[in-house]
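**Q** Chain by chain, the residues run as shown.
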Amino acid sequence: MSESGRHRVDAVLGALLLAGMVLALYMAFLHAPREKTMGDLQRIFYFHVPAAITGLTAFAVNFAASLMYLIRKNRWWDSLALAAAELGVVFTAIVLVTGPIWAKPVWFVWWTWSPRLTSSLVLWLLYAAYLLLRNYVPDPERRASVSAVFGIVAFIDAPIVWFSIRWWRDIHPAPMLETGGLSPSMRPAFLVCWIAFQLLFLYLLRRRMALEGARLDIEQMQRQADMSR
Amino acid sequence: MNPNPMNYLFAAYAAVWIILAIYLYSIHSREKKLRQEIDRLKRLLAGK
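These protein sequences, in sequence, are chains A and B. Counting from 138, one number per residue, gives the positions in the first sequence under the numbering used here. Counting from 58, one number per residue, gives the positions in the second sequence under the numbering used here.
To be clear, the hints were calculated from the coordinates, so they are not data collected in a lab. There's no promise every hint is true.
Said to hold, decoys possible - Which bits of chain B does chain A cover? Going by a derived footprint, with three or more residues having C-beta under 8 Å, they are: (1) 61-67; (2) 70-80; (3) 91-103.
As the list claims (entries may be wrong) - Partial list, derived from the structure: chain A residues whose beta carbon lies under 10 Å from chain B: (4) F184; (5) A201; (6) I238; (7) D354.
Unchecked claim - DSSO-like mimics (lysine-lysine), calculated; alpha carbons at most 30 Å apart, straight line: (8) A:K241 x A:K173; (9) B:K99 x A:K241; (10) A:K173 x B:K99; (11) B:K99 x B:K89.
Ideal Cβ placement from N, Cα and C applies to all residues, glycine included.
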């Protein structure tokens with residue numbers, strides 16, 4: 138894609154994201170009804186759950202991109218894997234911070250070692266380790282291969298996070314979206330917030346990949362500069 | 058006494074914006090450093 142084409146996509150995506158975020162705030166705070174038991178506190182749901190789904194989406198993108206890198210050995214896939222892992226860590230950090238803030242007034246504890254909470258923390262730690270690992274492998278090709286293998290293995294925890302509340306008894310609420318536990322009057326607000334988070338993920342993914350592209354350009358220029366000395 | 062639940066709602070929303078702002082700032086500062094590095098290398102290569 139040409140430079141002007143990329144700028145046009147960024148502008149459209151930025152406008153959609155802005156509109157989506159404003160609409161998400163309106164839907165979460167004004168349109169969605171007040172929940173009977175938890176009251177306004179339940180509104181944390183409208184970004185806690187979309188952030189969790191977006192985090193898992195990011196790790197799934199990392200998994201697919203890591204696989205593609207091992208098959209194709211193309212650095213573009215490694216850049217995508219890195220950008221997705223970084224964003225997965227950011228969105229899962231949102232989940233791990235907002236979760237305890239929601240838990241304290243409802244469960245009367247900030248944290249409990251339940252399967253869902255523990256597997257989510259382990260997932261975050263695994264991808265934080267993935268990002269750290271990349272700094273300790275100097276050779277770019279080796280770094281990309283080692284990271285791809287690590288990313289594929291780390292993704293084993295993602296389905297455990299997703300299914301933990303179905304497989305084991307957990308203090309964390311049951312999956313409301315599939316079981317119909319979410320009131321129909323709350324669904325539009327949830328849907329808008331989920332779309333806004335996905336747009337945010339796409340926007341940040343593009344920016345992070347552009348950054349990685351510039352870093353690769355510098356690597357190449359440095360090699361040229363070294364050769365011309 | 059249990060604090061006002063609205064404080065928790067405010068804290069959670071603030072946390073989301075703070076985390077996103079820190080991440081955006083980190084991307085912006087890395088972009089700035091890379092742009093400076095690209096300019097330096099371009100000058101270096103042009104000077105040879």
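**Q** Next, verify each hint and record whether it holds.
**A** Status of the hints after comparison with the structure:
1. Figure legend: the stretch 61-67 of chain B, annotated as covered by chain A; annotation consistent (4 residues with Cβ-Cβ distances under 8 Å, at least 3 required).
2. Check result for the stretch 70-80 of chain B against chain A: holds, 6 residues qualifying (beta carbon to beta carbon below 8 Å, three or more required).
3. For the stretch 91-103 of chain B, the stated coverage by chain A is satisfied: 8 residues place a CB nearer than 8 Å to a CB of that chain, which reaches the threshold of 3.
4. Checking F184 (chain A) against chain B by beta carbon gives a least distance of about 6 Å; that is within 10 Å, so the hint holds.
5. For A201 (chain A), the shortest C-beta to C-beta distance to chain B is roughly 22 Å, which exceeds 10 Å, and the interface hint is violated.
6. The criterion of a C-beta within 10 Å of any C-beta in chain B is met by I238 (chain A), whose closest approach is roughly 4 Å, and the hint holds.
7. The criterion of a C-beta within 10 Å of any C-beta in chain B is met by D354 (chain A), whose closest approach is roughly 7 Å, and the hint holds.
8. The suggested pairing of K241 (chain A) with K173 (chain A) holds, with an alpha-carbon distance near 18 Å, which does not exceed 30 Å.
9. Restraint check: the Cα-Cα separation between K99 (chain B) and K241 (chain A) comes to about 54 Å, which exceeds 30 Å; the hinted pair is violated.
10. At most 30 Å may separate the alpha-carbon atoms for a hinted pair to count; K173 (chain A) and K99 (chain B) exceed this at roughly 63 Å.
11. Between K99 (chain B) and K89 (chain B) the CA atoms are separated by roughly 15 Å; this keeps the pair inside 30 Å, and the hint holds.
The structure fails hints 5, 9 and 10 (numbered hints given earlier, in ascending order).
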